[in-house]
Amino acid sequence: MTLVAQTSNQPLIVWDWIGRNLANIWDRTVEHIVLTVIAVGIGIVVSVVLSLIALRWRRSYPPITWITGLLYTIPSLALFTFLVPFTGLSLLTAEIGLVSYTLLILVRTMVTGIDEVPPAVLEAADAMGYSRRDRFLRIEVPLALPVIITGVRLATVTIIGLVTVTSLIGLGGLGYFILRGLQTFSSPIGTTQIFVGTALSIVLAVSADLSLVGVERILTPWREKRIG
Amino acid sequence: MSNSPMIELIDVSKRFAGTDADAVEHLSLTIEQGEVVALVGPSGCGKTTTLRMINRLIEPSSGKVTVAGSDVSAVPLHELRRNIGYVIQQVGLFPHRTVEQNIATVPSLLGWDSDRVRSRVDELVDLVAIDRSILQRYPSELSGGQRQRVGVARALAADPPVLLMDEPFGAVDPVVREHLQRELLDLQARLRKTIVFVTHDIDEAILVGDRVAILNTGGVLEQFAMPGELLAHPANPFVAGFLGTDRAIKRLSLLPIDGSSLEPLPPDGIDYHSAGAIDIGVSLKEALDAIVSGNGHHVAVFDGTVCLGVVTIDMIHRRLAG
Ligand SMILES: Nc1ncnc2c1ncn2[C@@H]1O[C@H](COP(=O)(O)OP(=O)(O)O)[C@@H](O)[C@H]1O
Ligand SMILES: [Mg+2]
Chain V
1 MTLVAQTSNQ PLIVWDWIGR NLANIWDRTV EHIVLTVIAV GIGIVVSVVL
51 SLIALRWRRS YPPITWITGL LYTIPSLALF TFLVPFTGLS LLTAEIGLVS
101 YTLLILVRTM VTGIDEVPPA VLEAADAMGY SRRDRFLRIE VPLALPVIIT
151 GVRLATVTII GLVTVTSLIG LGGLGYFILR GLQTFSSPIG TTQIFVGTAL
201 SIVLAVSADL SLVGVERILT PWREKRIG
Chain D
1 MSNSPMIELI DVSKRFAGTD ADAVEHLSLT IEQGEVVALV GPSGCGKTTT
51 LRMINRLIEP SSGKVTVAGS DVSAVPLHEL RRNIGYVIQQ VGLFPHRTVE
101 QNIATVPSLL GWDSDRVRSR VDELVDLVAI DRSILQRYPS ELSGGQRQRV
151 GVARALAADP PVLLMDEPFG AVDPVVREHL QRELLDLQAR LRKTIVFVTH
201 DIDEAILVGD RVAILNTGGV LEQFAMPGEL LAHPANPFVA GFLGTDRAIK
251 RLSLLPIDGS SLEPLPPDGI DYHSAGAIDI GVSLKEALDA IVSGNGHHVA
301 VFDGTVCLGV VTIDMIHRRL AG
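In order, the protein sequence lines correspond to chains V and D. Letter by letter, the first sequence follows residues 1 to 228 in our numbering. Letter by letter, the second sequence follows residues 1 to 322 in our numbering.
In case anyone wonders, no lab produced these hints; they're calculated from the structure. Warning: the hint list may mix true and false statements.
Claimed, not checked - Per the computed footprint, the stretches of chain D lying under chain V, defined by three or more beta-carbons under 8 Å from a beta-carbon of chain V, are:
1) 68 to 81
2) 84 to 93
3) 230 to 238
Stated by the list, open to error - Distance ranges between label pairs, derived from CB positions:
4) V/Leu219 x D/Ala240: 26 to 32 Å
5) V/Leu210 x D/Asp122: 22 to 28 Å
6) V/Leu52 x D/Met226: 49 to 55 Å
7) D/Arg116 x V/Ser207: 45 to 51 Å
8) D/Glu123 x V/Arg133: 28 to 34 Å
9) V/Thr73 x D/Val75: 49 to 55 Å
Said to hold, decoys possible - Listed below are several chain D residues computed to face chain V (Cβ distance under 10 Å; list not exhaustive):
10) Arg15
11) Ala17
12) Leu57
13) His96
14) Tyr138
15) Ser140
16) Gly151
A virtual CB, placed ideally from N, CA and C, is assigned to each residue, including glycine.
If we strip away everything but chain V, and leave its shape as in the complex, we get (with noise of 0.2 Å):
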């Protein structure tokens, strides 16, 4: 089976390429797996503290938003360029890039999870005699966990994409596949790495979302009936 290009008889995508580089293909994807996992567990370890700062003094929640927007609008090719002289072309650098790019949306959901806990369920949970870490840790965190996890799983889905940047440090995952079918591009080996490392990417941002879906059913048990 081959895809044809129309204009000329050359295949879009080589099959036999796909075959003979499935080990390659199988430790970049496991590569990308990893960035991305790390990326998204520091940022959720990061975000946790601010978030707990903003929620704690109040007036630290404007510049904390202020400083991680910033972050999240710098272009990430601008950033890395300006990271790699002190880090050099390492995980490190790529790790800096790309946890940057997900505490924006990691601290703003769990600061409005937090933020949007009915009033009377405090109130009530004030009267029941729960003590301000209790009511913290037991009431305000579980309700607030669906908006969390909304935010891991942008999170999730933007890191899975933005990884694919990191090839340019010699690191990205699928997007070594991506990177290298540029560099070939009118050949039909090039189109199809570009076609493998596009196509597993958008596999993995999927998957990563669904199963995200399932860990919040799983975890917010009590939610109504709801789509997606």
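Chain D with the ligands: place on chain V using the hints.
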């Protein structure tokens, strides 16, 4: 302790930060053990603020509140609150916990073992007439009336001597509200809690309150008396206005038919068809209703199938005067 007041507010004032008037001003109120006190007044008069100062959800700006003889500011907060049940209009059930877990909240906080918690939940389910089949449901799956019952069960879980209720039935439809009001009265007849019941509905206050405190803007106590006394002798025009233009009718609803002072049947017999008939157990309000919708003079009173005599318009008039 049985004859000292259960709750005392002594010259309590509250001014919220950033406001230039007291929400509650020099309020003193003494609530006895085992009574239901209804706090009633126009919206914004300070009812909720007053209630919340009792379990210290709000700290008074000045004055003192005692519960069971102890200054509430000297009792550890969690200890105070676990001994005071609290029910609010929005209920505030925990959405992520099942009905059973919601009811078990305070017992769990108190560290009861799971057998004791389970048997207590079982008792409460019967007490507030919750269907056992909803125990494993989440609050979002309940009707308004069910939520309110679960809210009451949760508040009663650790058998607190005091119950604070803030417009608990304000969000349910009138039919369900009437049910819940009756159930509360039945419950209270068995439990004899000390209940502070906030409402803006004077009829509800008269129905549920052993005594009714009428508050005016700024938490000013205008009158604090039993419903009959309030209706018979409103202390001032504000109270009279708040009670409405049908005070006499409202009083009648509180007065039972006095079986010993019925007039005998007229010697020439009575035409039950035009006179109408009522049961001895109803109030004078129903008697009056039967009279004005019957022959306009009297109504026959029955105990089962036995006719005991008649209630006349004159008798009703004398009862109101006396
Ligand atoms: N947290 C608050 N901050 C400022 N003002 C408040 C606060 N809570 C209540 N108030 C004000 O205090 C007054 C009494 O409120 P409230 O006790 O809720 O009245 P009610 O329950 O009788 O309707 C109102 O004027 C209200 O606006
Ligand atoms: Mg109120």
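Cross-check of the supplied hints:
For the stretch 68 to 81 of chain D, the proposed coverage by chain V is satisfied: 5 residues have a C-beta within less than 8 Å of a C-beta in that chain, meeting the threshold of three. Figure legend: the stretch 84 to 93 of chain D, annotated as covered by chain V; annotation consistent (7 residues with Cβ-Cβ distances under 8 Å, at least 3 required). Figure legend: the stretch 230 to 238 of chain D, annotated as covered by chain V; annotation inconsistent (0 residues with Cβ-Cβ distances under 8 Å, at least 3 required). Checked against the hint of 26 to 32 Å, the pair leucine 219 of chain V and alanine 240 of chain D fails, with Cβ atoms roughly 57 Å apart.
A hinted range of 22 to 28 Å is violated for the C-beta pair leucine 210 of chain V and aspartate 122 of chain D, which are about 41 Å apart. Under the hint 49 to 55 Å, the C-beta atoms of leucine 52 of chain V and methionine 226 of chain D, about 53 Å apart, fit the expected range. At about 46 Å, the beta-carbon gap between arginine 116 of chain D and serine 207 of chain V stays in the expected band of 45 to 51 Å. Distance hint check: the CB atoms of glutamate 123 of chain D and arginine 133 of chain V are about 31 Å apart, consistent with the given range 28 to 34 Å.
The hint said 49 to 55 Å for the Cβ distance between threonine 73 of chain V and valine 75 of chain D, and at roughly 53 Å that hint holds. The interface hint given for arginine 15 of chain D is broken, as the beta carbon of that residue sits about 21 Å from the closest beta carbon of chain V, more than 10 Å. For the restraint placing alanine 17 of chain D at the interface with chain V, the shortest Cβ-Cβ distance is roughly 16 Å, beyond the 10 Å limit, so the hint is violated. A distance limit of 10 Å between C-beta atoms decides the matter here; for leucine 57 of chain D the minimum to chain V is near 6 Å, and the interface restraint holds.
About 5 Å separates the beta-carbon of histidine 96 of chain D from the nearest beta-carbon of chain V, less than 10 Å, and the hint is met. A least Cβ separation of about 4 Å between tyrosine 138 of chain D and chain V falls short of the 10 Å threshold, and the interface hint therefore holds. About 5 Å separates the beta-carbon of serine 140 of chain D from the nearest beta-carbon of chain V, less than 10 Å, and the hint is met. Because the beta carbon of glycine 151 of chain D sits about 8 Å from the nearest beta carbon in chain V, less than 10 Å, this interface hint is met.
In this structure, the earlier hints numbered 3, 4, 5, 10, 11 are contradicted, and the remaining ones agree with it.
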